[in-house]
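Let the hints inform the model, and build the full structure from the sequences given.
Which chain is which? The protein sequence lines are A and B, in order.
Quick note: the first sequence uses our numbering, first residue 48, plus one each step.
Quick note: the second sequence uses our numbering, first residue 48, plus one each step.
What the hints contain is simulated information worked out from the structure, not anything from laboratory work.
This structure is a prediction, so every number in the text was calculated from the model and none was measured.
Some hints here could point you the wrong way.
Since copy identity is lost for identical chains, a pair holds within one copy or between any two.
To be verified - Result set (SDA-like, lysine to any residue): computed pairs, CA atoms no more than 25 angstroms apart in a straight line:
#1 62 - 111
#2 62 - 128
#3 62 - 144
#4 62 - 108
Protein chains: 2
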Amino acid sequence: MSNTSLRVIARVAAKADRVEQVRAILMGVVEPTRREPGCLSYQLLQNQADPTDFTFIEEWASTAAEVSHFATPHISGALRQLPGLLAAEPDIRRYTVLM
Amino acid sequence: MSNTSLRVIARVAAKADRVEQVRAILMGVVEPTRREPGCLSYQLLQNQADPTDFTFIEEWASTAAEVSHFATPHISGALRQLPGLLAAEPDIRRYTVLM
Numbered sequence: 048m049s050n051t052s053l054r055v056i057a058r059v060a061a062k063a064d065r066v067e068q069v070r071a072i073l074m075g076v077v078e079p080t081r082r083e084p085g086c087l088s089y090q091l092l093q094n095q096a097d098p099t100d101f102t103f104i105e106e107w108a109s110t111a112a113e114v115s116h117f118a119t120p121h122i123s124g125a126l127r128q129l130p131g132l133l134a135a136e137p138d139i140r141r142y143t144v145l146m
Numbered sequence: 048m049s050n051t052s053l054r055v056i057a058r059v060a061a062k063a064d065r066v067e068q069v070r071a072i073l074m075g076v077v078e079p080t081r082r083e084p085g086c087l088s089y090q091l092l093q094n095q096a097d098p099t100d101f102t103f104i105e106e107w108a109s110t111a112a113e114v115s116h117f118a119t120p121h122i123s124g125a126l127r128q129l130p131g132l133l134a135a136e137p138d139i140r141r142y143t144v145l146m
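Spelled out as structure tokens, the structure:
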């Protein structure tokens with residue numbers, strides 16, 4: 048992994064009775080995102096102690112590539128489907144690698 | 048990256064006037080941790096919008112390896128130094144890779 052790329056950690060908190068629906072929507076964005084220009088890695092995780100906590104760990108070649116990600120059909124589609132299924136707004140944080 | 052390994056995301060929130068001290072302590076644990084058995088990757092990040100937010104992204108070969116990590120001199124030493132410098136308890140979450 049490069050130390051100059053952008054890292055993103057995005058948490059998506061499902062309502063307790065909507066975990067399976069949220070999981071299916073999030074799984075559906077992984078492969079198309081990995082094919083986006085500038086996407087260096089993109090993984091979907093689920094918290095072992097709290098199955099409502101889905102988290103993406105992302106690596107992008109540039110800030111521009113990550114901005115473009117939000118304009119893709121797969122992400123805009125997911126963002127339309129998710130709001131009623133989530134317990135909170137997605138928590139998206141952008142990071143620099145220190146080491 | 049393996050899909051069967053354990054992923055950990057650990058957030059360490061520094062007090063606003065202790066960011067440099069916390070950063071130095073956290074930087075000091077990276078290289079010894081990477082030499083631990085079962086440590087597959089270990090990166091230290093800093094939030095671009097909030098410099099008090101330090102976050103480790105970790106990959107461990109097993110739960111046992113990650114448990115042993117807390118008994119090492121570098122981590123127990125850091126955990127002794129950090130409490131007065133932090134705005135909150137470290138937030139350590141363990142994840143399974145969905146895809």
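Could you place residue 62 and residue 111 in one of the four classes (within, between, both, neither) given a Cα distance threshold of 25 angstroms? Close neither inside one copy (31 angstroms) nor across copies (31 angstroms); limit 25 angstroms.
* How would you label the pair residue 62, residue 108 (within, between, both, or neither) given a Cα cut-off of 25 angstroms? -> neither (32 angstroms within a copy, 31 angstroms between copies)
*Under a CA distance limit of 25 angstroms, which applies to residue 62 and residue 144: within one copy, between copies, both, or neither?*
between (32 angstroms within a copy, 20 angstroms between copies)
- Message: When Cα atoms must be at most 25 angstroms apart, do residue 62 and residue 128 count as within-copy, between-copy, both, or neither?
- Response: within (13 angstroms within a copy, 38 angstroms between copies)
Hint violations for this structure: numbers 1, 4, all remaining hints satisfied.
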